[in-house]
Each structure stands twice: as structure tokens, then as C-alpha cells.
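Visitor: The residues making up each chain are set out below.
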Amino acid sequence: MSPRVAGPLLSILGLSVGLALLDASGLAFWQGLMINLAIFTILVVSLNLASGFTGVFSLGNIGFMALGAYISAILTLPLAVKSEYLPDLPSWLAGVHLDQVVGPLPVGWLAATLIAGLLVAFVALLVGAVLMRLSGHFVAVATLGFLVIVRVILFNADGFTRGSRTFSNVTPYTNLWWAWACAVLVIYAVWRLKRSQYGRAMFAQRRDRWAAQSVGISILRPRLLAFVIGAFFTAIAGSLYAHFITSFSPTVFYFDLTFRVITMLVVGGMGSVSGSVIGSVVVLALAEGLRRVEDVTLLYGLSGALLAAFFIAVIVFRPEGIMGQREISFDRLSTRLRSLRGGGGPEGPETEAP
Amino acid sequence: MLELRDLHVFYGNIRAVNGASLRVETGELVAIIGSNGAGKSTTLKSISGLLRPRSGAIVYDGRDISNESTDRIVALGISHCPEGRHIFGRLTVRENLILGGVQRPAAEARRDIELVEDTFPRLRDRMKQAGGTLSGGEQQMLAIARALMSKPRLLLLDEPSLGLAPIMVEHIFEVIEGLKRQGLTILLVEQNVHHALDAADRAYVMETGRITFEGAADSLRHDPRIEQSYFGL
Amino acid sequence: MGDYFIQQVVNAVSAGSLYALMAVGLALIFSILRLINFAHGDIMMVAAYLVTFALFAGMPLPAALVFMVVGAVVIGLLMERIAYRPIRGAAEVAMLLTSFAVGQILQNGTLLVSRLAGEPVQIAFPAPDIVNGVVAFGAITVPKVNIVSLVTGAVLLTLLTVFVTRTRLGLSMHAAAEDLPAARLMGIRVNRVVATAFAISSGLAAVAGFLYASQAGQINPYLGFTPVLKAFIAAVIGGFGSLSGAVVGAYALGILEVIPTALSGIADILPPGAVPPGVHDLLTQVFPSSLGSYRDAFVFVFLILMLLFRPNGIVGGGGREEVP
Numbered sequence: 001m002s003p004r005v006a007g008p009l010l011s012i013l014g015l016s017v018g019l020a021l022l023d024a025s026g027l028a029f030w031q032g033l034m035i036n037l038a039i040f041t042i043l044v045v046s047l048n049l050a051s052g053f054t055g056v057f058s059l060g061n062i063g064f065m066a067l068g069a070y071i072s073a074i075l076t077l078p079l080a081v082k083s084e085y086l087p088d089l090p091s092w093l094a095g096v097h098l099d100q101v102v103g104p105l106p107v108g109w110l111a112a113t114l115i116a117g118l119l120v121a122f123v124a125l126l127v128g129a130v131l132m133r134l135s136g137h138f139v140a141v142a143t144l145g146f147l148v149i150v151r152v153i154l155f156n157a158d159g160f161t162r163g164s165r166t167f168s169n170v171t172p173y174t175n176l177w178w179a180w181a182c183a184v185l186v187i188y189a190v191w192r193l194k195r196s197q198y199g200r201a202m203f204a205q206r207r208d209r210w211a212a213q214s215v216g217i218s219i220l221r222p223r224l225l226a227f228v229i230g231a232f233f234t235a236i237a238g239s240l241y242a243h244f245i246t247s248f249s250p251t252v253f254y255f256d257l258t259f260r261v262i263t264m265l266v267v268g269g270m271g272s273v274s275g276s277v278i279g280s281v282v283v284l285a286l287a288e289g290l291r292r293v294e295d296v297t298l299l300y301g302l303s304g305a306l307l308a309a310f311f312i313a314v315i316v317f318r319p320e321g322i323m324g325q326r327e328i329s330f331d332r333l334s335t336r337l338r339s340l341r342g343g344g345g346p347e348g349p350e351t352e353a354p
Numbered sequence: 001m002l003e004l005r006d007l008h009v010f011y012g013n014i015r016a017v018n019g020a021s022l023r024v025e026t027g028e029l030v031a032i033i034g035s036n037g038a039g040k041s042t043t044l045k046s047i048s049g050l051l052r053p054r055s056g057a058i059v060y061d062g063r064d065i066s067n068e069s070t071d072r073i074v075a076l077g078i079s080h081c082p083e084g085r086h087i088f089g090r091l092t093v094r095e096n097l098i099l100g101g102v103q104r105p106a107a108e109a110r111r112d113i114e115l116v117e118d119t120f121p122r123l124r125d126r127m128k129q130a131g132g133t134l135s136g137g138e139q140q141m142l143a144i145a146r147a148l149m150s151k152p153r154l155l156l157l158d159e160p161s162l163g164l165a166p167i168m169v170e171h172i173f174e175v176i177e178g179l180k181r182q183g184l185t186i187l188l189v190e191q192n193v194h195h196a197l198d199a200a201d202r203a204y205v206m207e208t209g210r211i212t213f214e215g216a217a218d219s220l221r222h223d224p225r226i227e228q229s230y231f232g233l
Numbered sequence: 001m002g003d004y005f006i007q008q009v010v011n012a013v014s015a016g017s018l019y020a021l022m023a024v025g026l027a028l029i030f031s032i033l034r035l036i037n038f039a040h041g042d043i044m045m046v047a048a049y050l051v052t053f054a055l056f057a058g059m060p061l062p063a064a065l066v067f068m069v070v071g072a073v074v075i076g077l078l079m080e081r082i083a084y085r086p087i088r089g090a091a092e093v094a095m096l097l098t099s100f101a102v103g104q105i106l107q108n109g110t111l112l113v114s115r116l117a118g119e120p121v122q123i124a125f126p127a128p129d130i131v132n133g134v135v136a137f138g139a140i141t142v143p144k145v146n147i148v149s150l151v152t153g154a155v156l157l158t159l160l161t162v163f164v165t166r167t168r169l170g171l172s173m174h175a176a177a178e179d180l181p182a183a184r185l186m187g188i189r190v191n192r193v194v195a196t197a198f199a200i201s202s203g204l205a206a207v208a209g210f211l212y213a214s215q216a217g218q219i220n221p222y223l224g225f226t227p228v229l230k231a232f233i234a235a236v237i238g239g240f241g242s243l244s245g246a247v248v249g250a251y252a253l254g255i256l257e258v259i260p261t262a263l264s265g266i267a268d269i270l271p272p273g274a275v276p277p278g279v280h281d282l283l284t285q286v287f288p289s290s291l292g293s294y295r296d297a298f299v300f301v302f303l304i305l306m307l308l309f310r311p312n313g314i315v316g317g318g319g320r321e322e323v324p
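Residue numbers (the numbering used here), protein chains in the order written: chain A, 1 to 354; chain B, 1 to 233; chain C, 1 to 324.
Quick caveat, the hints were computed from the structure, so don't treat them as lab data.
The model shown is predicted, which means the values in this text are computed figures rather than measured ones.
For glycine and all other residues, C-beta sits at the position ideal for the given N, C-alpha and C.
One or more of the hints may lead you astray.
[What the hints assert, rightly or not] Selected chain B positions facing chain C (in silico; Cβ < 8 angstroms):
#1 S21
#2 L91
#3 E95
[Claimed, not checked] Computed far set for chain C versus chain B, every beta-carbon distance over 10 angstroms:
#4 F5
#5 E92
#6 V134
#7 V142
#8 K144
#9 I259
#10 F298
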């Protein structure tokens with residue numbers, strides 16, 4: 001088997017074994033952390049697709065996550081809870097309860113997640129068709145405007161979201177396995193996309209917008225495609241989050257979370273899928289570590305300030321992040337391993353250009 | 001007064017000046033001629049500190065200024081009148097002139113605006129007009145006037161005749177020769193070889209980042225190789 | 001009914017003054033550096049904390065205000081020196097993200113200090129008498145803070161105009177914004193110009209922070225986020241980078257913002273019998289009382305429309321060329 005196939009398979013096998021051990025261990029804190037990592041990884045990889053690949057910086061992705069979370073939560077609420085909890089739902093929605101479970105499969109939730117993803121992708125199509133025409137920092141600010149609009153709507157659509165009150169009673173479907181299955185699928189999909197002609201078009205218009213335009217490559221189409229697919233995955237992360245945390249309010253889905261995801265993306269490297277995974281791990285580990293320090297020293301605010309300082313340091317000293325646009329390559333990795341074992345073979349970095 | 005020694009300047013990875021050396025003595029008018037992209041403007045920008053040379057020395061009054069900031073270089077008495085004039089179009093003519101003398105005491109600079117008005121009578125009636133509304137020739141005069149406001153001892157002039165009507169070109173060169181007569185040292189970059197060699201004491205020819213000829217302006221004017229390349233004979 | 005509209009206009013204009021104080025600072029920095037400084041709102045927040053702690057410590061109001069402005073200016077200068085100077089000229093988005101990070105540092109730093117001082121996250125703002133309470137003009141009552149905002153805005157913006165058009169440093173700022181390389185050739189010290197721009201914009205943000213906190217009645221480390229977005233919208237409306245444009249945009253935004261609120265109340269303030277019941281019901285339907293709470297969504301939709309359809313207005317501060 002070539003390393004190109006064996007590498008990823010081995011990684012997934014390793015991940016599965018790790019998850020199984022963690023699952024059996026009963027260490028609730030670490031299980032929760034790993035679920036969080038999976039959700040962050042999806043968010044970062046999706047943002048990378050929407051922003052890193054295309055260079056069109058979107059700050060509105062957490063708005064898509066919020067919509068995904070609320071849609072899936074509302075759809076899966078059991079009837080009994082629903083009538084009491086959201087009495088003002090319109091009748092067509094009040095009767096929907098995607099809480100069916102077949103054997104070990106929560107099919108209702110999976111369907112709800114898919115519906116949430118598709119609905120959000122549709123919203124992204126409408127929003128993106130308008131906003132992807134902008135560029136530079138103006139697109140960033142306009143998408144930030146979208147985030148604010150989503151928040152205002154969530155706060156005001158009481159009948160659907162309970163407004164500023166906490167939305168709880170969400171069924172806890174998300175577990176280690178579902179979270180990581182989604183994460184692996186998203187990583188795989190985005191990684192494949194990067195290598196496809198669509199991915200190349202995304203990078204091409206990023207590198208040279210004017211040249212792309214002058215040879216007739218549409219700059220809107222690849223941007224929009226990236227934006228919509230990114231929104232779809234982000235909504236799935238939202239659903240995973242909703243059914244993991246089980247109670248939330250609109251305040252969660254705002255700027256702090258947006259900034260956390262951006263930090264992970266920039267640290268990992270805009271344009272690199274493996275970089276996004278690495279960035280998520282590094283920043284989440286750092287944030288958790290600093291949070292511990294905060295809890296012990298009671299210096300609340302310290303972790304946020306230090307993380308932001310770290311972010312500035314990355315932008316100043318290593319603006320391309322850890323990976324730049326490169327990817328981890330299992331081919332080169334195995335060549336290097338073999339050469340380390342004395343098997344010869346050309347020496348090279350374990351990365352490859354996109 | 002000024003000496004460039006083996007100057008190398010890059011734009012990113014593109015080599016723009018490749019080992020140029022030249023001298024300007026006090027009171028001289030020295031011209032650099034050569035085709036587009038030969039590195040003439042880049043040379044001037046390195047002297048005024050807009051660009052940092054990769055290697056080589058820029059010696060002015062016996063000291064290397066190649067790592068000084070532009071504002072220090074202006075303070076040392078070098079003024080650079082850039083190609084394309086770069087008038088502040090939304091500021092008035094007077095405000096442009098005030099900025100030209102921004103490093104000098106305000107009262108002194110204000111007095112000098114009147115002197116400039118004498119040299120450039122056409123600007124006098126336009127003092128309150130926005131710089132962007134002037135004609136090309138007037139803008140060029142304003143650019144030179146503005147460069148003089150810092151009381152330079154060495155004036156770097158980049159393509160002062162570019163895009164001007166012939167009559168205006170004549171006028172600009174009269175002004176330049178007048179400045180020389182007043183004792184100002186001038187390093188002139190110019191594509192109009194005829195006029196440049198007429199006005200200059202000495203000249204350098206620059207090609208692809210190197211100095212290929214140098215000599216007295218008179219001798220260059222009659223050099224067959226120069227005639228061939230630049231007079232199209 | 002006339003009173004109702006006068007009331008709304010007063011609200012609009014005083015909100016406009018606040019936005020103008022903010023937007024001018026944003027536009028000033030943007031015009032020179034092409035940096036959208038989102039930490040601007042956090043300077044405003046920090047200033048509100050500075051004046052609060054100064055008043056808590058028993059400082060008299062004038063001293064507390066001076067302390068606030070000086071403190072905000074110092075923080076503004078530090079932020080420029082430490083975070084923005086190293087990335088000057090970097091990609092627009094990198095600068096924008098850095099300003100977000102600076103904002104996060106200011107927010108978390110404030111949280112930290114405020115906690116250490118034993119204060120809760122949300123503090124009641126000790127608004128002094130001059131901005132506390134209302135003034136009655138006949139049938140209409142106007143909060144004092146609105147009048148103070150209006151007057152302060154007018155005075156400070158006039159001073160700024162004089163500075164920018166009448167002093168050499170002000171002209172240098174203008175020159176640096178219009179053509180940076182040419183400005184350098186004049187011998188203008190760009191670092192000094194940039195530092196001055198940050199000092200001015202932070203000082204104005206500090207005053208805006210005081211007024212904003214007086215209006216809101218309480219402060220928390222996150223209060224700067226919405227105002228800076230609004231200031232950005234104001235600057236965009238006016239053609240980003242232009243100071244006078246930012247002021248015009250700010251007042252336009254003030255007016256724009258009260259429209260949904262004004263409309264949502266329109267059915268209620270009509271005297272009974274003034275319109276047929278059908279029309280009254282229609283008005284309530286079209287402009288429900290909840291319309292006001294969608295105000296922010298409304299202005300951001302407007303922002304997006306502006307960005308799309310007035311791109312020339314947006315790059316109004318442009319015209320930056322390299323010296324060839």
C-alpha cells in the first residue's frame with residue numbers, strides 16, 4: 001500500500017484506538033475536551049476553506065454556526081418538551097420532532113443536522129452572492145455585519161429561540177464518535193477539494209485577482225462555492241455543539257468565539273488543511289492551559305489577553321502560520337522515516353506545496 | 001559633494017541598480033540619461049532614502065547616508081523632486097509649499113514662499129487653488145518650488161519635462177539653468193537627452209542598472225554611440 | 001405629535017455627535033495607514049473605566065476627565081508602537097485582525113484590573129451631575145447627556161478642523177494620507193504623524209467613551225464593540241478616510257438609527273380618530289413595536305448595501321500612488 005493511502009488510514013486507525021481508550025476510561029474532562037477539539041477543528045477547517053483558500057476574509061462564520069445549532073435543536077426537540085418550551089412555534093414546525101433513534105443510530109438528529117446544514121448553505125448562498133463581490137477588509141466588516149444581524153434576529157425571534165433566555169433541554173446526541181466522524185469527514189472533504197480543480201480556482205483568484213479576471217476566470221464562483229460549503233460544515237459543527245453542550249443562548253455565538261477560531265486558523269496557516277488541525281490543537285491546548293492558570297490564580301482575563309498577544313506575535317513574526325499553505329505529506333514522511341532507518345531515499349521536508 | 005560607490009538596489013528580488021558609481025561636485029549640474037527602466041529613478045530614490053540599497057555606499061559631504069531616514073536626508077540638505085510631480089492635489093498651492101518647508105522654522109519658511117513666488121510668477125495667482133487643478137506645467141513648477149522650500153544644497157530632479165508641451169519644457173529648463181546659476185548643485189534624471197546635455201556640465205549614461213558612459217556633456221553630445229542610441233541618427 | 005418628532009431628532013443628533021467623535025478617529029487612522037482600527041472601541045471602553053476609577057478614588061471631575069484623556073492617549077500610543085508599527089504596510093486583513101487582537105487584550109486586561117480592584121464585571125457608571133438627568137424645554141424633555149454630547153461634539157470637531165487645516169502637523173497628516181512617499185520626500189516624519197493621529201483619535205474616543213457610558217448608565221469590558229462598528233458604518237457612509245465625510249456619515253447614521261424606532265411608535269402617538277381605524281391597524285402591522293429592537297440589524301443591512309453600491313464613496317480617501 002502506498003504511503004499516500006496508508007498514512008491517512010493509519011492516522012484514522014490511531015485516532016479510533018485513542019478514542020476507544022478515552023471512551024472506556026471514563027475521564028469526562030478529557031472526553032469533553034476532545035469533543036470540543038473536534039468541533040473547533042470543523043470550524044477552523046471550514047473557515048479555512050471559506051477564507052484561507054480564497055483570501056476573502058469572512059468573520060460571519062459563527063453566525064452560520066449559531067443558525068445550525070438553533071435549527072437542529074428546534075427540529076430534534078421531543079414533542080412533549082416542545083409544546084411546553086416553545087409554545088409560540090408556528091404549527092408547521094410545532095409538530096416536527098426529529099428524535100427518532102434506530103438501534104444505535106439517532107437518525108432523527110442526523111437528518112436534522114443535514115437539514116440544518118442545507119438550510120444554512122442556502123442562507124450562505126444568498127448572503128454570499130451579495131458579499132463575495134467585496135474584497136479586502138470590507139468583506140471582513142460586511143460579514144461581521146452579518147454576524148451582528150444573526151445575533152439580533154436570534155435575540156428577537158423569541159418564538160423560535162426563546163430570545164435572550166437560555167435554550168436548554170437539547171438532547172445530548174453528540175459523543176466522541178459522532179464528533180470525530182464528522183471532523184474526519186470534513187477534513188477529508190476539504191483536503192480533497194483543495195486538490196480539485198475547484199480548489200485550484202479558489203487559490204488562483206486569491207493569488208492574482210486581476211489576472212484571474214483578465215483571463216476570464218470568474219472570481220465570484222470559486223469564492224461563493226467555498227463560502228457555501230464552508231457554511232454547510234460550520235452549521236454541522238453548530239449542531240454538534242448544540243447537542244453536546246445541550247443549553248446555550250445567542251451570546252455564545254459572537255465575537256469571542258469568532259476570534260478564537262480565527263486565531264486557530266492563522267496560527268495553523270491560512271490555506272493548509274493540516275495546518276488548521278494543528279492550529280486547533282495548539283490553540284485549544286494553550287487556551288485550556290491558560291484557563292487552568294486563571295482558575296488557580298483567579299486572574300480572570302489573563303488567558304484572553306495572553307492568547308491575543310500570542311496571536312499578534314504570530315502575525316508579526318510568522319504571518320504564514322505554522323504550515324503556510326503546505327500540507328503534511330505522508331509520502332515524504334515515510335521516505336524520511338525510511339531514510340532515518342538507513343533505507344536511503346532522498347531527504348526532504350515532510351511537507352509539499354499545494 | 002555626493003558620491004555613489006558600487007550601489008546595488010533591489011525591488012524584492014528584482015535587481016534595479018547593479019553596481020552604479022557616480023560623483024556630483026558642488027555647483028555642478030550632472031545629468032543621468034538612459035532609457036526607461038535603466039535604474040535612474042531608483043538611483044535617486046536610494047539617495048533620498050525612499051529605498052534602501054542592498055549594498056554600496058552613498059557618501060554625501062564625506063559621510064555615508066545610505067541608512068539614514070528620508071527626513072534626516074532632507075535635513076542634511078538633499079531635496080528630491082519626484083517623477084510624476086506628486087503634488088498633494090487636495091491641498092492648495094500654498095499648503096504644498098508650506099509642506100515643502102516643513103522642517104524649517106515656520107516664519108522663515110513663510111518668507112521663502114514669497115521668494116518662490118518671484119521665481120515662479122505663474123504660481124503667485126494660484127496660491128489658494130487646489131494643487132490638483134493646476135495644469136501639468138504649473139504642477140511641475142510647483143513640484144520644483146516645493147522641493148526648493150527645504151533650502152536644499154543638492155536638488156534631485158526626476159524627469160521634470162515628462163509629459164509637458166514643448167514650450168513648457170523650454171521654460172522648465174530655463175528655470176533649472178537659473179537655479180544652477182544661483183549656485184545650486186543639481187542631479188538631473190531626464191529622458192529628453194537634448195535638453196539634458198545642453199544644460200548639464202557632465203553626464204552619465206545608465207543602462208540596465210549600470211553606468212555605461214560618463215563624461216563632459218559636450219563630449220557626450222558628440223559621441224557617436226550616444227548619438228546613435230539617443231538621438232536616433 | 002410635533003414633540004414626538006423633535007424628540008426623535010434630538011436623539012438622532014446626539015447619537016450622531018457620539019458617532020462622529022468615534023468615526024473621525026477611525027477615518028484619521030485609516031486615511032494614513034489603511035488600517036481599520038477595531039480596537040478604537042476598546043480605547044473608548046478603557047477610557048470609561050479610567051474615569052470611573054478616578055471618580056471612585058475621589059478625584060474631582062475635571063481632574064478625572066484629564067486623567068481619562070491622558071490615559072487613553074498613552075494607551076493609544078502604546079498600541080501603535082507595539083502592535084501596529086511592526087505590521088505597517090502588511091496586508092489589510094492582517095492589520096484588521098491585529099486590531100481585533102489588540103481589542104481582546106484591552107478587554108481582557110480591563111477585566112483583569114477591574115477584578116483585581118474588586119469590582120464586578122458590570123459597574124454602574126458614576127455619571128456626574130452635568131450629564132445626569134433631563135432638561136425640560138416646554139413639553140419636551142431632553143436628557144442632559146444628549147445636550148452635552150452635542151456641544152462637546154461640535155467643539156471638538158471644530159478644534160480638529162482647525163488643527164488639520166491650519167497647522168503644519170495637521171497638513172502633514174493630510175499629506176501622509178494623500179501620498180505617503182511624497183510626504184516622506186518633504187521631510188515629514190511619518191512616525192510622528194502616525195503617532196499624532198493615534199493620540200488624537202484616542203483622545204476623541206475617550207471623550208466618546210465618557211459620553212457613551214453616561215448614556216448607558218453602566219460599563220463593562222465589552223461595551224466598545226457595537227460603537228466601533230457603528231463608527232465604521234458612519235465612516236463608510238461618508239466615504240472612508242475623509243474626516244468631513246465621517247462627520248456627515250455619523251449624523252446620517254444617527255438619523256438612520258431612529259427611523260425604525262420612530263416608525264414603530266408612530267401608530268401609538270397618532271391622536272385617536274386622526275386616521276381611520278383601518279389605517280391605524282395597518283401602521284401597527286407594518287411597523288410593529290418590536291421594530292426598534294431590530295435597529296442594529298437594520299443599520300448593518302444598510303452598511304452592506306453601502307459597501308456594495310457606493311464603492312467609490314468607500315474608497316474616497318484613496319488616491320495613494322507610489323513614487324514611480
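Visitor: All hints, please: hold or fail.
Guide: Now the hints, each set against the structure:
no. : hint : in the structure
1   : S21  : 24 angstroms, violated
2   : L91  : 6 angstroms, holds
3   : E95  : 6 angstroms, holds
4   : F5   : 38 angstroms, holds
5   : E92  : 19 angstroms, holds
6   : V134 : 43 angstroms, holds
7   : V142 : 38 angstroms, holds
8   : K144 : 39 angstroms, holds
9   : I259 : 33 angstroms, holds
10  : F298 : 34 angstroms, holds
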